Amino acid sequence: MKKTLLTIKSTLKLTDDVFKTILEGDVGTLKAGQFIDIKIEGFTLRRPISICDFDKNSITIVYKTIGEGTLALSNLPNGQRLDVLTGLGNGFDSTKIPANTKISLVGGGLGVPPLYCLAKHLKGQNINFDVILGFNSDKEIILLNDFNALGINTVVTTADGSYGMKGFVTAVDNKDKYVFACGPMPMLKAVYKVSNGGQFSFEARMACGFGVCQGCTIQTTQGFLRVCADGPVFTKEQIIW
Amino acid sequence: MKKTLLTIKSTLKLTDDVFKTILEGDVGTLKAGQFIDIKIEGFTLRRPISICDFDKNSITIVYKTIGEGTLALSNLPNGQRLDVLTGLGNGFDSTKIPANTKISLVGGGLGVPPLYCLAKHLKGQNINFDVILGFNSDKEIILLNDFNALGINTVVTTADGSYGMKGFVTAVDNKDKYVFACGPMPMLKAVYKVSNGGQFSFEARMACGFGVCQGCTIQTTQGFLRVCADGPVFTKEQIIW
Amino acid sequence: MVNLSTNLSGLILTNPVIAASGTFGFGKEFSSLFDINILGSFCTKGMTYSPRLGNPQPRIAECKAGMLNSIGLTNNGAKHIAEHEFLAIKNYFNKPVIANVCGFSAEEYIKNAIIADESPAVGLIELNVSCPNVKQGGISFGTQTTVLFKLVNAVKKAIKKPLYVKLSPNVTDIKPLAKASEEAGADGLSLINTLLGARIDINTRKFILANKYGGYSGKGIFPVAVRMVNEVYNSVKIPIIGMGGISTAADVLEMMIAGATAVQVGTANLIDPFACKKIIEKLPILCKKLGIKTLSEIVGSAR
Amino acid sequence: MVNLSTNLSGLILTNPVIAASGTFGFGKEFSSLFDINILGSFCTKGMTYSPRLGNPQPRIAECKAGMLNSIGLTNNGAKHIAEHEFLAIKNYFNKPVIANVCGFSAEEYIKNAIIADESPAVGLIELNVSCPNVKQGGISFGTQTTVLFKLVNAVKKAIKKPLYVKLSPNVTDIKPLAKASEEAGADGLSLINTLLGARIDINTRKFILANKYGGYSGKGIFPVAVRMVNEVYNSVKIPIIGMGGISTAADVLEMMIAGATAVQVGTANLIDPFACKKIIEKLPILCKKLGIKTLSEIVGSAR
Ligand SMILES: Cc1cc2nc3c(=O)[nH]c(=O)nc-3n(C[C@H](O)[C@H](O)[C@H](O)COP(=O)(O)OP(=O)(O)OC[C@H]3O[C@@H](n4cnc5c(N)ncnc54)[C@H](O)[C@@H]3O)c2cc1C
Ligand SMILES: Cc1cc2nc3c(=O)[nH]c(=O)nc-3n(C[C@H](O)[C@H](O)[C@H](O)COP(=O)(O)OP(=O)(O)OC[C@H]3O[C@@H](n4cnc5c(N)ncnc54)[C@H](O)[C@@H]3O)c2cc1C
Ligand SMILES: Cc1cc2nc3c(=O)[nH]c(=O)nc-3n(C[C@H](O)[C@H](O)[C@H](O)COP(=O)(O)O)c2cc1C
Ligand SMILES: Cc1cc2nc3c(=O)[nH]c(=O)nc-3n(C[C@H](O)[C@H](O)[C@H](O)COP(=O)(O)O)c2cc1C
Ligand code: FES
Ligand code: FES
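Chains A, B, C and D supply the protein sequences, listed in that same order.
Using the numbering used here, the first residue of the first sequence is number 1, and each one after it goes up by one.
Using the numbering used here, the first residue of the second sequence is number 1, and each one after it goes up by one.
Using the numbering used here, the first residue of the third sequence is number 1, and each one after it goes up by one.
Using the numbering used here, the first residue of the fourth sequence is number 1, and each one after it goes up by one.
Calculated directly from the structure, the hints in this document are not laboratory data.
Predicted model only: the values in this text are computed from it and were never measured.
C-beta atoms are modelled at their ideal positions from N, C-alpha and C, and glycine is treated no differently.
Looking from chain D toward chain A, a few residues come up when the C-beta cut is under 8 Å (computed):
no. : residue
1   : 23
2   : 54
3   : 57
4   : 65
5   : 67
6   : 71
Generate the whole structure from the sequences, applying the supplied hints.
Here it is in structure tokens:
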């Protein structure tokens with residue numbers, strides 16, 4: 001964890017209510033699957049957002065304007081400085097991938113951004129994998145071009161069939177695969193049930209985001225674990241469902 | 001009363017902790033002795049400040065940075081827009097001046113600003129008057145040049161004798177005069193006792209500033225009066241001391 | 001078209017927004033800023049039988065998320081108010097108002113309630129048993145169930161108009177007090193009054209309020225108010241006017257979902273005299289966005 | 001040089017700033033950010049005898065001026081905490097800590113207090129009789145004077161270290177509870193714990209907390225805390241650790257002037273992990289500005 005001041009470089013509207021913001025500054029050491037916690041002027045608690053991409057001195061986030069906080073964030077001008085905690089959470093761990101196993105990255109809605117970061121990372125390690133992204137409709141598709149630009153075979157499912165396969169991400173067969181999944185709880189659960197093993201990124205309402213308040217704690221096979229500090233990524237073995 | 005958005009045109013440092021700020025915009029109808037109530041971002045209640053000068057589209061205020069609110073105000077950049085209630089309070093009433101009576105304007109410290117506005121007004125009506133301004137020391141003198149620029153005979157007293165007459169404003173004889181006084185309570189009381197009659201501008205902790213909360217109400221010879229709406233200027237006849 | 005109307009024991013309001021007692025005077029100052037007939041109603045300043053100056057100055061203190069007041073029921077006395085302030089209301093407001101009635105003895109409460117009951121301007125009487133700023137009376141009626149029951153019962157018998165009891169949040173358990181009011185015949189409840197708080201000037205080491213402690217109101221008390229309105233909603237059958245820190249249309253909906261049939265907006269009026277107007281203008285837009293067609297249907301829908 | 005030291009029943013703190021229970025974990029996370037030895041001390045997460053997961057998710061809700069939590073005393077159990085967490089503290093903190101002790105019965109409170117009493121890491125025991133998030137036990141001990149007296153008395157007899165009782169603000173009158181604690185042998189008092197509050201999502205009409213109600217903390221509760229600390233200061237002779245919404249050095253002074261011998265900083269740590277550090281660095285500067293040479297002299301100086 002690092003507390004740092006980052007500057008908004010740009011904010012781009014991806015869909016009606018999803019924005020991509022690039023933050024610049026001393027970002028610290030980062031990892032795919034980690035998140036940052038942003039203090040937005042006028043709001044008490046920080047807003048946790050996954051890292052969608054990063055380099056030495058920038059972090060890209062992609063977020064939906066769910067409520068007042070993310071809405072305010074999306075309206076901040078370029079050049080605005082933000083108080084941010086970076087490098088939060090454990091992140092995805094590619095060293096845990098079993099040998100000779102096919103890998104699948106499964107993302108749903110706003111669970112897609114951290115998988116982009118992971119995809120880039122795996123790609124850099126010459127690890128092969130499939131990507132399955134699920135959305136409600138074609139209007140809500142995000143980051144598909146970015147995955148394609150990485151030269152990754154990406155399957156898209158939409159609930160209403162307006163793009164790609166009609167249905168949910170579970171329509172794609174992942175039985176023998178090691179999955180990295182991020183998305184809404186029902187999706188994670190469904191993927192968990194049909195997967196061989198893998199890593200699942202959780203969400204929780206957080207107060208601190210760095211492990212001291214127990215706000216986000218859940219029951220796991222290893223006892224009480226904090227989504228913010230012991231997660232947000234949990235292995236299939238840890239999860240109780 | 002009028003609720004309006006005013007823009008900071010300039011802020012000038014007059015002494016170590018006293019600032020003069022010019023606000024521009026649709027200021028409404030104003031009168032010497034009235035005040036404005038300024039919403040400062042980050043503070044719950046508005047800050048009441050007397051009108052030191054005004055014209056059709058600007059208001060000048062002179063204020064001391066007592067606490068966090070006025071400090072924040074003094075640090076706001078030019079061009080910043082402020083939510084302001086203007087034209088609050090009754091103001092000084094020159095029609096009440098008895099015939100053939102000498103007039104004296106008596107100000108102490110941050111009570112001086114509204115008297116500048118009054119002086120300008122009286123001058124415009126060709127009414128003659130003296131001005132006595134009291135400060136703690138020469139370092140705290142404000143607006144003296146402005147009074148002089150109006151061509152007004154201005155007596156200054158300082159408590160430590162570092163400028164003008166040593167002592168308090170009551171050192172100057174006002175017995176036969178009709179006074180317009182503004183300053184700290186002890187000064188007002190002292191002036192009240194030695195004056196023939198006059199108008200005294202009060203202060204009070206205010207919540208609304210426009211007469212609805214009774215926060216500022218005081219006992220007068222005419223019953224309960226609100227400093228913000230029935231004052232801040234009270235006549236000698238109204239005051240119970 | 002969203003239906004915003006709400007029903008307080010027969011008093012139909014076109015919308016649930018009522019300006020709170022002590023923060024709206026008798027409405028006159030606001031009527032010079034906007035047409036206050038857009039309000040559901042407004043609640044007048046608490047009245048006692050004899051005129052009262054109230055507590056010594058200063059009696060306002062700022063807080064980070066609200067303010068303290070120790071006004072102490074400044075008013076010109078019930079008779080004067082009925083004959084002057086109430087009488088003048090019709091010149092700028094054409095709906096019934098809510099009269100906030102105080103007292104220092106059961107007899108006085110009854111006398112004042114009758115004066116309000118007989119005033120044509122008044123549509124509903126709010127019995128203030130929760131003013132934290134007067135030593136005798138007020139709050140002492142609002143913290144003991146048996147005392148409260150007797151008072152409410154006696155007042156109810158003496159008047160014809162709907163009687164709402166305004167409860168204090170400064171209690172271990174508000175539910176028995178709500179129930180005692182209901183059993184005594186109250187037509188409804190108003191809550192919450194202010195929380196007891198204090199601020200001290202660290203320079204002078206003096207309490208900012210001359211009275212030392214005062215009533216804490218504004219945004220900072222909203223979560224406490226939502227909880228208490230919900231607790232009381234689950235304990236009684238009579239309608240609740242919910243208040244405490246409301247400053248937006250979203251706050252109004254949250255308070256209604258918690259259990260309030262109507263709401264009062266207090267401190268927000270002091271900071272922005274157009275607060276009620278803005279809230280009322282935003283309400284239908286917000287309802288539409290949330291798919292709410294009849295606002296009163298959300299009352300107590302929290303789950 | 002300003003003397004910031006303060007004395008809690010023999011436990012001398014170099015400065016009055018203590019990180020509050022439940023908002024500082026066991027200090028480890030913070031120790032990786034700054035040298036936490038600058039703190040007066042810190043208070044550990046409330047412990048029960050058996051491990052507890054606590055309440056269902058979600059258990060955090062944001063408020064305009066603070067937050068709600070319904071953690072429900074998540075902890076690994078007193079024995080595990082003593083053997084692991086307490087034991088590890090010496091690796092990053094070289095002063096005695098304050099152990100926050102909970103329970104669901106008098107016997108359990110005693111057992112847990114003894115475990116804390118026997119841990120070398122612990123300098124003072126804070127008896128939490130005011131957790132609003134657990135149904136049985138906790139708060140029920142903190143709202144009735146006779147129950148509280150018995151509990152405090154029994155715990156006091158079982159331990160050697162100073163015993164502070166942490167009181168709830170959700171009561172009609174806090175003074176009798178403070179006095180009962182004092183008479184039962186408490187060495188000091190801690191106040192306030194959280195106010196009971198609720199928030200509702202107007203989109204889903206569901207309470208944000210799975211538990212519906214939770215404890216309200218942060219800036220919004222400061223005026224209530226200042227008032228209660230002052231009330232209690234005027235009622236008892238034992239020292240008070242004051243808390244509730246403190247986020248600046250000025251807040252620390254205000255709380256001490258109200259009557260606190262030391263203070264705890266809670267929610268502020270969650271929003272800014274450097275909050276305590278900033279406050280501690282600002283304290284001597286602010287004292288100097290105000291002409292305060294010995295900080296402890298201002299305790300209870302409000303007038
Ligand atoms: C580890 C983690 C990573 C996340 N990554 C992303 C991401 O990459 N992109 C994205 O769009 N969203 C992400 N979220 C969800 C995001 O944090 C919320 O959408 C956001 O906090 C909502 O804030 P708001 O002010 O708009 O909503 P409001 O509802 O006004 O917020 C009120 C409070 O509730 C919290 N809250 C509301 N919704 C959620 C939620 N779903 N999860 C956690 N807290 C919530 C807020 O943080 C705040 O404290 C992530 C959440 C977590 C825990
Ligand atoms: C009618 C009127 C006219 C005024 N005119 C001037 C002026 O021309 N120049 C000037 O320097 N000051 C003037 N004051 C005083 C000025 O309002 C306060 O100095 C200012 O509000 C302090 O705000 P703060 O945030 O710096 O102080 P803080 O102490 O942090 O303020 C906290 C709260 O106390 C109130 N407060 C603090 N001191 C006073 C005070 N002396 N009077 C009223 N409220 C106070 C603030 O408004 C705020 O609500 C006037 C006051 C009144 C009532
Ligand atoms: C300045 C002021 C004066 C008040 N006077 C009264 C009063 O006379 N009678 C009463 O029942 N409540 C009175 N109240 C309480 C409010 O009506 C309301 O219950 C409380 O302020 C909470 O609402 P708010 O947070 O929206 O202000 C007063 C509040 C304030 C701030
Ligand atoms: C997330 C959280 C967890 C808490 N856990 C405990 C606890 O275990 N024991 C306890 O006595 N108080 C607990 N508290 C209460 C705080 O110690 C403190 O009394 C309260 O939050 C008021 O201080 P603040 O406004 O500075 O946060 C907790 C508060 C928060 C916000
Ligand atoms: S959010 Fe505080 S421990 Fe996870
Ligand atoms: S400040 Fe509200 S009536 Fe004067």
